[in-house]
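Peer 1: Chains as they are written, first to last, in numbering that gives the first Met the number 0: chain E, 0 to 67; chain Z, 0 to 189.
Reference excerpt, derived from the structure (chain Z facing chain E, CB under 7 Å, subset only):
hint : residue
1    : G44
2    : N45
3    : N50
4    : P71
5    : R77
6    : R161
7    : R163
8    : S164
9    : C166
10   : V167
11   : C179
12   : K180
13   : Q183
The set of hints was computed from the structure by calculation and includes no laboratory data. For glycine and all other residues, C-beta sits at the position ideal for the given N, C-alpha and C.
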Amino acid sequence: MTLSPRLAQIGKECVACGSCLRVCPRGAIHIASGVTAQVNSDACVGCGRCAKICPADVITIVQRRAVK
Amino acid sequence: MKRKWYDYLWIAELLYWVLGVCNILFAWLGMVFFCIPLLMAIVGGNKTYCNRFCGRGQLLGLLGSKFSRNAPPPRFLRSRWFRGGFLAFFMVMFGLMLRSTYMVFSGAPLRQSVTLLWTFKLPWQWAEVGMVAPWVAQFAFGFFGVMMTSTVLGLLTMVLFRPRSWCVYCPMGTMTQGICKLKQGKEDVQ
Ligand code: SF4
Ligand code: SF4
Ligand code: SF4
Chain E
0 MTLSPRLAQI
10 GKECVACGSC
20 LRVCPRGAIH
30 IASGVTAQVN
40 SDACVGCGRC
50 AKICPADVIT
60 IVQRRAVK
Chain Z
0 MKRKWYDYLW
10 IAELLYWVLG
20 VCNILFAWLG
30 MVFFCIPLLM
40 AIVGGNKTYC
50 NRFCGRGQLL
60 GLLGSKFSRN
70 APPPRFLRSR
80 WFRGGFLAFF
90 MVMFGLMLRS
100 TYMVFSGAPL
110 RQSVTLLWTF
120 KLPWQWAEVG
130 MVAPWVAQFA
140 FGFFGVMMTS
150 TVLGLLTMVL
160 FRPRSWCVYC
170 PMGTMTQGIC
180 KLKQGKEDVQ
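Can you make the complete structure from the sequences, with help from the hints?
Peer 2: Structure below.
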């Protein structure tokens, strides 16, 4: 399976509201222990829907190569 | 995604407003919206209430899909000091509301008004509250004011920024996330 060139990255100031979960077409996000959202990098296709809805504006879409 | 029963809890939120306007005593039902998220955070160490069950969050999401400018909110909104400060301010105002309830309990006269945005007193004379003790009614007036204030702020920031901007500084959201962080910190230590 080829992975998308881009993916979502969650910033430190996530408020764990869960708005992003509702819009992700791949079900790639979950809220870890009520503290922060986490992206399953294998499932994310970098579509950016989560970034557009995030009320805290903490999601950035980055090049997958840059993420280690 | 297939919708689940809890995706319709925004209807419960609407119903709360209708019931509360019909009879202010229904404001007491709002305690459910206070206790469940706290219990979930304290016992379960999660924010499932925010993520799944909060009717207010859902309603803001729905209304926001039509009426929000969808602009990124200012950075300070998500900052620790603003969220913490707003929570502290909210708690102080909540404490004052409890104080006036106590004063009515100890004999002060009931004030039939709902305070909006901690300033504006909306007359609420039509309320039928004769069937309960005056302090029970006073709490209902106070609590309805708290709920209304947060809803007005929620709607305002929904229009100005993104649909669920309220969730960034919602005192309940800040509190439950704080509890989860504390719990997680404890687990990490163990
Ligand atoms: S929408 Fe933004 S703030 Fe809310 S859980 Fe997702 S990443 Fe965090
Ligand atoms: S970029 Fe798209 S696929 Fe990736 S987490 Fe966000 S919404 Fe889901
Ligand atoms: S942050 Fe507040 S309004 Fe938003 S989902 Fe959580 S409890 Fe509801």
